[in-house]
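Student: Chains A and B are the protein sequences, given in the same order. 264 is the number that my numbering gives to position 264 of the first sequence; each next residue is one higher, with no gaps. 860 is the number that my numbering gives to position 132 of the second sequence; each next residue is one higher, with no gaps.
Hints were generated in silico from the structure; no laboratory data involved. Please note that a few of the clues may not be correct.
Unchecked claim - Label pairs and their computed distance ranges (CB to CB): (1) A:I320 x B:L762: 23 to 31 Å; (2) A:W412 x B:V765: 33 to 41 Å; (3) A:G54 x B:L772: 37 to 45 Å; (4) B:V765 x A:R579: 47 to 55 Å; (5) A:I320 x B:R749: 56 to 64 Å; (6) B:S827 x A:I320: 43 to 51 Å; (7) A:R413 x B:R749: 18 to 26 Å.
Stated by the list, open to error - Once the Cα atoms are required to be at most 25 Å apart in a straight line, the calculated DMTMM-like pairs of lysine to aspartate or glutamate come out as: (8) B:K798 x A:E231; (9) B:K848 x A:E375; (10) B:K806 x A:D625; (11) B:K806 x A:D524; (12) A:K559 x B:E838; (13) A:K559 x A:E601; (14) B:K806 x A:E601; (15) B:K806 x A:E603; (16) B:K798 x B:E856; (17) B:K788 x B:D812; (18) B:K788 x B:E777; (19) A:K574 x A:E607; (20) B:K798 x B:D809; (21) B:K748 x A:D341; (22) A:K266 x A:D341; (23) B:K806 x A:E231; (24) A:K559 x B:D802; (25) A:K559 x A:E665; (26) A:K414 x A:E337; (27) B:K806 x A:D637; (28) A:K574 x A:D539; (29) B:K748 x A:D332; (30) B:K798 x A:E601; (31) A:K559 x A:E603; (32) A:K559 x B:E777; (33) A:K570 x A:E603; (34) B:K798 x A:D241; (35) A:K559 x A:E155; (36) B:K848 x A:E601; (37) A:K414 x A:E265; (38) B:K798 x A:E627; (39) B:K788 x A:E607.
Think of the CB as a built atom: it goes at the ideal place given N, C-alpha and C, for glycine as much as any other residue.
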Amino acid sequence: MATVGRACLILALAVAAYGIFASIYGARTRRPEWVASGRRSVYAIAALCTGAMGILELAFLRSDFSFATVASHSSTTTPAFYKITAVWSSQEGSLLLWVWLLSLWSSLVLFLTRRRLRQVAPYATAVLLGFAAFFAGLLVFLETPFALLATAPAEGAGLNPLLRHPSMMIHPPMLYSGYTLFAIPFAFAVGALITRQVGAEWIGSIRRFALAAWFFLGVGILLGARWSYAELGWGGYWGWDPVENASLLPWLTGTAFLHSIMIQEKRGMLKISNVSLILATGTLAVMGTFLVRSGILDSIHAFGASTLGVPFVILIGVLIASSIGLVVWRRDALRSEHRLDSLLSREAIFLGNNIVLVAMAFVVFWGTFWPLIAEAITGNRGALGPPWFDRYLVPLSLVLVLLSGIGPVIAWRKATASNVRRNFVVPIGAAVALGALLLALGVGSRPLALMMFVAGAFVVASVGQEFWRGVGARRAMSGDGPLGAVVSLVARNRRRYGGYTVHVGMAVLFVGVAASSAFQQSRDIRMSPGQSTRVGGYDVTYVRPTSRISTTSDGSLEKISFGSVVDVRKDGEKVVTLRPERSFFPSRDVQGLGPVGRFFEGEATSEIGLKAGMRRDVWAAMSPDVEALGPIIQRGDRVFSAAAGKIAPGAEAALLGQALRGLTERYVAAPPPATFRLITSPLVTWIWLGAIIVFGGGIIGLWPAAASSRRRERAAYAARIAQDLGRA
Amino acid sequence: MVIHARACCDTEQVMNPARKRTIRLTVALSAAVLLAVALVYTSLSASSEARSPSELATAKPGVSYQVTGKVVDDSVRKTSDGVDFRIRDRAGSASVPVSYSGAIPDPFREGREVIINVRKQGPMFVGERDSLVTKCPSKFTEDKTQKT
Chain A
1 MATVGRACLI LALAVAAYGI FASIYGARTR RPEWVASGRR SVYAIAALCT
51 GAMGILELAF LRSDFSFATV ASHSSTTTPA FYKITAVWSS QEGSLLLWVW
101 LLSLWSSLVL FLTRRRLRQV APYATAVLLG FAAFFAGLLV FLETPFALLA
151 TAPAEGAGLN PLLRHPSMMI HPPMLYSGYT LFAIPFAFAV GALITRQVGA
201 EWIGSIRRFA LAAWFFLGVG ILLGARWSYA ELGWGGYWGW DPVENASLLP
251 WLTGTAFLHS IMIQEKRGML KISNVSLILA TGTLAVMGTF LVRSGILDSI
301 HAFGASTLGV PFVILIGVLI ASSIGLVVWR RDALRSEHRL DSLLSREAIF
351 LGNNIVLVAM AFVVFWGTFW PLIAEAITGN RGALGPPWFD RYLVPLSLVL
401 VLLSGIGPVI AWRKATASNV RRNFVVPIGA AVALGALLLA LGVGSRPLAL
451 MMFVAGAFVV ASVGQEFWRG VGARRAMSGD GPLGAVVSLV ARNRRRYGGY
501 TVHVGMAVLF VGVAASSAFQ QSRDIRMSPG QSTRVGGYDV TYVRPTSRIS
551 TTSDGSLEKI SFGSVVDVRK DGEKVVTLRP ERSFFPSRDV QGLGPVGRFF
601 EGEATSEIGL KAGMRRDVWA AMSPDVEALG PIIQRGDRVF SAAAGKIAPG
651 AEAALLGQAL RGLTERYVAA PPPATFRLIT SPLVTWIWLG AIIVFGGGII
701 GLWPAAASSR RRERAAYAAR IAQDLGRA
Chain B
729 MVIHARACCD TEQVMNPARK RTIRLTVALS AAVLLAVALV YTSLSASSEA
779 RSPSELATAK PGVSYQVTGK VVDDSVRKTS DGVDFRIRDR AGSASVPVSY
829 SGAIPDPFRE GREVIINVRK QGPMFVGERD SLVTKCPSKF TEDKTQKT
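The following block holds chain A by itself, in its conformation from the complex (with noise of 0.2 Å):
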């Protein structure tokens, strides 16, 4: 089966070469059999990297560990689940995702342009094919996950406890779509650059890419986000860590691209924006995939140092030096069609709007890579923290998000005093409203804060009056009920206003932000049963300890789990009683170690108590003192060893399983102090909320349109096009 599998990449890596030649060779000669050719080797290499994932997803199921990743990621007592997606936990096996997804969005992308963009589709397909000669040949000669042990062991290490989490397993193919599908808008400006079609038909083929791109790496941050704070014993969501920003990094210049795009498409402007964007874009996503793998900056989220970070840097290099090149080569030609009429316009709002995210994304950029810069200029690496990040990031937002509110109703072109003032008073009458309202409630104390607060009510009001206007029009002209005209106002107009929906979430999302960090309180304290403290308001008491022990489906021990009763009271109201506790897992290295002391010598996760609400979260973890088991600990280990030989086969499992219910019912008898990371934080909840917004604001304008909207779209498409013939 590994032979099949290795066999499988290196034929992709074959046909990737073979594919770039052919459509090379077909788009220069102007010979469609050629290009048909190079296109059918996506395909191709979709099938066998299909082919590739499918035998190594067939290992972890059957446990092979004859495999060598299996061996390291798996077990026979890992869910099904897990096994399945253990596959990318390990750097090869991430690397295959990488180009699995890669050939099957260029097939996807392909397909559907294989009618249109003759001039541009053949350079594309040679992009896509580069990229996926690049990772095939990674996979090929580097780090193959098709390496087979001298000797299988019995049992795997298993799979981390910590990322069994749904959500964290479904983070890594979030995020590799996302800068996966990245490479289909970056391979597409290439091939407008190469052949001058700049104009806005390349933009119109991928643009729903595009969004889908945006789409997926978003959602993978989101959950990235939700797993730190859910599963991880820190509280917090974001860390500004290296690999962390640089997921970011594209998706805000992507963000940044789709808003150009628009205004290329209406009025032929920020067409060197555009093609810069996205070619930007490009090079990020793949120096993202970089910086998880090539050691080079510190970062508690990277594969320790390897042998990839050359390679890559050699890709980056020709990334960068060919999008300039491209972009100066071909200046003349990606000059504006029209120059901007006015700054209160919704052209430079938009422009605004890029410049804003395009430094967000500087600032990222830099904040990250500042070990490397501060080298060159002191000759000592440097390191930046949050503080740094926030002193930039928190002003550039509240712009951003000021900026989302205006663009959606401001006129095209110039706008009129009375075009600003319909639409502006309401929004504006909102936000004030709020803004007074607050500070009468002493929010003034966190100006940040309630600035944000300010700009997210500018926003939904400035959204909500769009759709209360359109809603009205929609119902005079069709008669339909509120809902219904809802329905078939967002419908008919899928991309504007699903582009609304998106702005209501991102402002929604950033209050969240804004009050969960200006308002967080929290609490490290060590207490025993019966102690309280007090925490943003909240009594806190440890009621009493837990414990419990957990076996897999096989029926072995898994883990062993010692907890608390938390009470919450607020003016002495229940509020919630909490139930944190910590696992601990057995080691899978046994040596020196009693079967006993195993158990608290492996990993250990946290899992928290919490109460999530739309106002406030409360949330808590705990770590017991186990070390004041140990004399207990010790002598159930050596009990274990006296009685090594004596006890009969098949005994052992249930002698352990005493051993261990005895030590938990001790626990709780006389449980030592705990300590406790009590935090409440105000308005979490709407930082997921707002992101579901965000995301349903991107599947509506994801969703294909209905065939009337087609027709329309076509009609207006075709204007646009024989508008751009005519200027050629």
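We have chain A; now place chain B onto it with these hints.
Tutor: For chain B alone, kept in the frame of chain A given last:
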């Protein structure tokens, strides 16, 4: 950007386009240089020096350093509000003692790679509260197996 000055005043002189481009470029470049200088300045003043444990031998008391290294085996001692341990170079045995208070990440263990901000206090390095981070669990596996 074209401002239609003539729309409001026909007699106003229109600026030479080449001159206008030069002015725009100068303003943009000046703004970029100013921003770059501000960014470098704030970065340098806010930055913690990143060092390996062996490089902490020359550490100055009270200065914050970001240290990346591995937790030394058998060096971890729980304290009432944190943990004491020794941290060594990724490749090498030079190590320094660290006393840390605050949240201990779930994956924190002996032999794991950690990043922590510390300040020298006497013979010890005191970790800044909540600055201890441990390698993401998906990236632990070291290749100890013999592959064919």
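Student: All hints, please: hold or fail.
Tutor: Cross-check of the supplied hints:
{"no.": "1", "hint": "A:I320 x B:L762: 23 to 31 Å", "verdict": "25 Å, holds"}
{"no.": "2", "hint": "A:W412 x B:V765: 33 to 41 Å", "verdict": "37 Å, holds"}
{"no.": "3", "hint": "A:G54 x B:L772: 37 to 45 Å", "verdict": "52 Å, violated"}
{"no.": "4", "hint": "B:V765 x A:R579: 47 to 55 Å", "verdict": "53 Å, holds"}
{"no.": "5", "hint": "A:I320 x B:R749: 56 to 64 Å", "verdict": "26 Å, violated"}
{"no.": "6", "hint": "B:S827 x A:I320: 43 to 51 Å", "verdict": "44 Å, holds"}
{"no.": "7", "hint": "A:R413 x B:R749: 18 to 26 Å", "verdict": "23 Å, holds"}
{"no.": "8", "hint": "B:K798 x A:E231", "verdict": "23 Å, holds"}
{"no.": "9", "hint": "B:K848 x A:E375", "verdict": "22 Å, holds"}
{"no.": "10", "hint": "B:K806 x A:D625", "verdict": "8 Å, holds"}
{"no.": "11", "hint": "B:K806 x A:D524", "verdict": "15 Å, holds"}
{"no.": "12", "hint": "A:K559 x B:E838", "verdict": "20 Å, holds"}
{"no.": "13", "hint": "A:K559 x A:E601", "verdict": "12 Å, holds"}
{"no.": "14", "hint": "B:K806 x A:E601", "verdict": "14 Å, holds"}
{"no.": "15", "hint": "B:K806 x A:E603", "verdict": "16 Å, holds"}
{"no.": "16", "hint": "B:K798 x B:E856", "verdict": "17 Å, holds"}
{"no.": "17", "hint": "B:K788 x B:D812", "verdict": "21 Å, holds"}
{"no.": "18", "hint": "B:K788 x B:E777", "verdict": "11 Å, holds"}
{"no.": "19", "hint": "A:K574 x A:E607", "verdict": "22 Å, holds"}
{"no.": "20", "hint": "B:K798 x B:D809", "verdict": "21 Å, holds"}
{"no.": "21", "hint": "B:K748 x A:D341", "verdict": "16 Å, holds"}
{"no.": "22", "hint": "A:K266 x A:D341", "verdict": "14 Å, holds"}
{"no.": "23", "hint": "B:K806 x A:E231", "verdict": "22 Å, holds"}
{"no.": "24", "hint": "A:K559 x B:D802", "verdict": "23 Å, holds"}
{"no.": "25", "hint": "A:K559 x A:E665", "verdict": "15 Å, holds"}
{"no.": "26", "hint": "A:K414 x A:E337", "verdict": "17 Å, holds"}
{"no.": "27", "hint": "B:K806 x A:D637", "verdict": "21 Å, holds"}
{"no.": "28", "hint": "A:K574 x A:D539", "verdict": "9 Å, holds"}
{"no.": "29", "hint": "B:K748 x A:D332", "verdict": "19 Å, holds"}
{"no.": "30", "hint": "B:K798 x A:E601", "verdict": "17 Å, holds"}
{"no.": "31", "hint": "A:K559 x A:E603", "verdict": "10 Å, holds"}
{"no.": "32", "hint": "A:K559 x B:E777", "verdict": "40 Å, violated"}
{"no.": "33", "hint": "A:K570 x A:E603", "verdict": "35 Å, violated"}
{"no.": "34", "hint": "B:K798 x A:D241", "verdict": "18 Å, holds"}
{"no.": "35", "hint": "A:K559 x A:E155", "verdict": "17 Å, holds"}
{"no.": "36", "hint": "B:K848 x A:E601", "verdict": "30 Å, violated"}
{"no.": "37", "hint": "A:K414 x A:E265", "verdict": "18 Å, holds"}
{"no.": "38", "hint": "B:K798 x A:E627", "verdict": "22 Å, holds"}
{"no.": "39", "hint": "B:K788 x A:E607", "verdict": "40 Å, violated"}
The structure shown violates the earlier hints numbered 3, 5, 32, 33, 36 and 39.
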